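Trainee: Put chain B on the given structure of chain A with help from the hints.
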Amino acid sequence: MKTFRSLFTNPWFFFAIVLYIGSLFVLSRRAEFSINEALIELIIFGIAFPLLAWLATIRARPLIVRVHPTGPEMLALLAYVLALSVYLAFGPQAIDSWLPQDWIASDRIKFFVTLGKKLLVFVALPLGIFALAWRYSVRDFGFQRDGLRELGRTHLPIVLVASCAVLAFNYFLGGAAAPLREGKFPLFNCLLAFHFASSG
Amino acid sequence: MSIIFGLAHAPGFIFRHAGAVEGLGANPTVLDAIAYSIATLAISGVFFGIIWARTKNLFALVPVHAAADLFPNLSDFVKTWGL
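Same order as they appear, the protein sequences are chains A and B.
In case it helps, this note's numbering puts the first sequence at residues 14 to 213.
In case it helps, this note's numbering puts the second sequence at residues 9 to 91.
The hints are simulated quantities; they were obtained by calculation from the structure and are not laboratory data.
One thing to keep in mind: the hints can contain errors.
Only part of the chain A face toward chain B is listed, based on derived beta-carbon distances under 10 angstroms [stated by the list, open to error]:
#1 Ala51
#2 Phe58
#3 Tyr100
These figures come from a predicted structure and were not determined experimentally.
Cβ atoms here follow ideal geometry from the backbone N, Cα and C, with glycine treated the same way.
Next comes chain A alone, as it looks inside the complex:
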């Protein structure tokens, strides 16, 4: 209950609600946009799934994170996210243009190139910046041996519940799962893809 009380007294929460309502108003002018689908997504991802996650973590023991971000660190994070948004617009295509075209032509090599780009931009670079500027360690980024151990203990319920909830949502309501619903992919392919999705 304390969590909910602090949520409803947080001014940023109300700012987010105002932004959300304003966004729906802007989008309601577009013919392609379905406000019903957006509201269903709000109910499922904004209310039902977070509630499910909260219930599944009642007994979870959170790991100890040594650092508590300061103002300058949060500003650096915001700047990195802004830089990241520019990268997402132009970066991947720019990198591809510098690589041997044989690599880009091959779907299999491109798969690993894409994986490498994601690891560099989303993991290695931010870790490098925060390690150099504020002496963050890999542990402070959430990579802890205790984390792996807790996966088999108090964090197992949330992983199982949240993964199943997301899979069920995508399977029954997602357009991307239509070929699977029609029986075009066997279970083995799904398991292989899940393995690679976890590593990428």
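Mentor: Below, chain B alone, put in the same frame as chain A:
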């Protein structure tokens, strides 16, 4: 943070026409791309944010994110690896 997470996707809708496969269309205005990022992607950021806040375990988020990406990427994965 969920709002920032959502907004980080807005340039992709404008420059990479990523909205073509979603409910936004291929050529949205800047305002529409920002609004769409907040109305859809920022919402899913709340779910992942709760898991992080309650566990502080990145390894708990990895399989959940993998589950979210599984079906949207399955078709390309099967095609790429000839399965």
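Trainee: The structure should be examined with respect to each hint, and the outcome stated for every one.
Mentor: Hints, verified against the model:
no.	hint	in the structure
1	Ala51	holds (5 angstroms)
2	Phe58	holds (5 angstroms)
3	Tyr100	holds (9 angstroms)
In this structure, none of the earlier numbered hints is contradicted; all agree with it.
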